[in-house]
Amino acid sequence: GESWQDCTTDLLRFAEQEKYKSRIVSQTEIEGMLDGHALACSAAAPGSVFLANRMGLFRSDDGGAHWADVEVGRYSPMSYGRDLRVSPHDPKVLYAALSPAFRSADGAIYRSDDVGRSWKRFDHGVKADNTMMGVAPHPRDPAQVYAVSKSGQVFGTRDGGESWRETRLPQGIGDCYAIACG
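If you count by my numbering, then the sequence shown holds residues 2 to 183, one letter each, in order.
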């Protein structure tokens, strides 16, 4: 952490295209590309960095100098990327918390088994009441994965995604932004 390098230059090039323009809290349409929510690195793709932001999921294979849209929208109607995690059991497996937007009535967990080249919905049968904010693969058990919605719905699987259980956090809990397990 003693030295830092700006990796946003190439991300800003996306904001020149209409589908990547977003202005919610500032006076500039590039803010969606700079609204980063999660970064992940995988041993299966040395030198690569994955980014989840308001506009989707992105990948850099050169340490952030150049970025490519993972185009998760080919696999999901939801592309607002809130969280992104690499499985601690298989570096080719990535999990993403996706939703239509920060304030939405839906959300889902998607899984990639090929380091982000393709994605499938992983949380079969889950109905999030609003934005899916976080995902956490269990550090010791590859069959367990957990997720949380903004309103405090906690979803978990103990059988590799075959079945899911929902638990709600107690009334009065404010917005949830992350989840951890272990």
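Errors might be hidden in some of the hints.
Simulated pairs of lysine-lysine, DSBU-like, Cα-Cα distance not exceeding 35 angstroms [what the hints assert, rightly or not]:
hint, residue 1, residue 2
1, K128, K22
2, K128, K93
3, K20, K128
4, K121, K20
5, K93, K22
6, K93, K20
7, K93, K121
8, K121, K22
Have a look at the derived ranges for each label pair, beta carbon to beta carbon [claimed, not checked]:
hint, residue 1, residue 2, range
9, D160, S4, 26 to 34 angstroms
10, A44, H67, 18 to 26 angstroms
11, G74, D160, 26 to 34 angstroms
12, A181, D70, 36 to 44 angstroms
13, D62, Q172, 43 to 51 angstroms
14, Q172, A69, 41 to 49 angstroms
15, A106, G175, 13 to 21 angstroms
16, S4, P78, 23 to 31 angstroms
17, R24, P89, 31 to 39 angstroms
18, R118, Q172, 25 to 33 angstroms
19, K20, L170, 13 to 21 angstroms
20, G64, T29, 33 to 41 angstroms
Note that these hints are calculated values from the structure, not bench results. All of these numbers come straight from a predicted model, not from anything done at the bench. Quick reminder that beta carbons are idealized off the backbone N, C-alpha and C, glycines included.
How the hints compare with the structure:
1. K128 - K22: 29 angstroms, holds
2. K128 - K93: 27 angstroms, holds
3. K20 - K128: 27 angstroms, holds
4. K121 - K20: At roughly 23 angstroms apart (the allowed maximum being 35 angstroms), K20 and K121 satisfy the hint.
5. K93 - K22: Distance of about 31 angstroms is within 35 angstroms: holds.
6. K93 - K20: With Cα atoms ~29 angstroms apart, K93 and K20 stay inside 35 angstroms; holds.
7. K93 - K121: 14 angstroms, holds
8. K121 - K22: Distance of about 26 angstroms is within 35 angstroms: holds.
9. D160 - S4: 26 to 34 angstroms: 45 angstroms, violated
10. A44 - H67: 18 to 26 angstroms: For A44 and H67 the Cβ distance comes to about 21 angstroms; the hint holds.
11. G74 - D160: 26 to 34 angstroms: 29 angstroms, holds
12. A181 - D70: 36 to 44 angstroms: 28 angstroms, violated
13. D62 - Q172: 43 to 51 angstroms: 46 angstroms, holds
14. Q172 - A69: 41 to 49 angstroms: 43 angstroms, holds
15. A106 - G175: 13 to 21 angstroms: Taking Cβ atoms as reference, A106 and G175 lie about 18 angstroms apart, which means the hint holds.
16. S4 - P78: 23 to 31 angstroms: At roughly 41 angstroms between Cβ atoms, P78 and S4 fall outside 23 to 31 angstroms, so the hint is violated.
17. R24 - P89: 31 to 39 angstroms: Cβ of R24 to Cβ of P89: about 37 angstroms, so the range 31 to 39 angstroms holds.
18. R118 - Q172: 25 to 33 angstroms: 42 angstroms, violated
19. K20 - L170: 13 to 21 angstroms: 35 angstroms, violated
20. G64 - T29: 33 to 41 angstroms: 26 angstroms, violated
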